[in-house]
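Protein chains in written order, with the numbering used here: chain B, 11 to 98; chain H, 3 to 239.
Keep in mind the hints are simulated off the structure, nothing from the lab. You may find that some hints are simply not true.
Calculated lysine to aspartate or glutamate pairs in the EDC-like style (CA-CA distance at most 16 Å, straight line) [said to hold, decoys possible]:
(1) B:K50 to H:D57
(2) H:K4 to H:D40
(3) B:K20 to H:D152
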Amino acid sequence: MKAHVWVMLKSTVLDPQGTAIQQALASLGHAAVRDVRQGKFFVLDLDNMDRAAAQSEVERIARDVLTNPVIEDFRFEIVEDAKPALAR
Amino acid sequence: MKIGIVVFPGSNCDHDAQHALSEILHTSAEFIWHQSPDLTGFDAVILPGGFAYGDYLRTGAIARFSPVMIAIARFVRCGGLVLGICNGFQILCEAGLLPGALMRNKGLRFVCRHLHIRVETTATPFTSAARPGQVLRVPIAHAEGNYVCDAATLAGLKHNNQIIFRYCTPDGRLNPATNPNGSLDAIAGICNRERNVMGMMPHPERAVEAALGSIDGLVVFRSLVQSLARQPAAAVS
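If we strip away everything but chain B, and leave its shape as in the complex, we get (with noise of 0.2 Å):
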């Protein structure tokens, strides 16, 4: 099983990287992005377990780790592998 979890900057915290990536949208002419933020996508392959064991320790490495909640939120969700894994 694999858990996503995606780290953003908080809404109150400005995004020097993300409105430098919106200027530059704006000069190519997407004038239609008002703004952009910039994130982080972490793909965690884990062994499997319970699913409840999985939210746990995923929401604890995310908040202990991935993420200084000074300046930045997350949100994670636990994927099954599309198909079975096989002996190994």
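Since the structure of chain B is provided, determine the placement of chain H on it from the hints.
Chain H in isolation, oriented as in the chain B frame:
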């Protein structure tokens, strides 16, 4: 008196800090490997500049889990003096030993140049040898020095006199144009409430002899050494 300088994989200002202490101020300074869980025998600890763990994930985010950081948290609780410079400041924020965080510079670029900072308070063991309002000419060299915190934290920093340095003009005035990275309130350095932990983005260790273009950074190390000489060694571990 012995001051420890922590070496993480990717630290690169550790030797400069040791040079400032041992060659210029004739004070014993030894390196501490980041795997060390023990600070016995050290009277103060410096977290030097650099790119610990390549700055992967976030600056300081992986370094804060090093064994030495558990020892440093204990050292801080016992009143030990800890100075974080540049990457060291970032690590102290990630570790929660200082409030706030250091984000990407507002201008997005790595900024490496000499500038001026104003000593906002001399009531710390790291600035006690300075004059109130003294302007120091010191270099910065960082891409993530944009200090941020929430409004309540900023109010607390001001109320408790925890803002130690602000970016300023050569004659000591605050001016938005002299803020090199977008830092909140032009903050260049802060301390914790207990005043035994300080973090600063500029590099005082790169301004300790005339050949380096400035000796203004010496006042930070001189303050530290004099403070240690004045007080009995903190009860460590």
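Here is what the structure says about each hint:
A distance of roughly 15 Å separates the Cα atoms of K50 (chain B) and D57 (chain H); the hinted pair therefore holds under the 16 Å criterion. The straight-line distance between the Cα atoms of K4 (chain H) and D40 (chain H) is roughly 14 Å, inside the 16 Å bound, and the hint therefore holds. Restraint check for K20 (chain B) and D152 (chain H): satisfied, since their Cα atoms lie roughly 11 Å apart, inside the 16 Å limit.
This entry satisfies every hint, going by the numbered hints stated previously.
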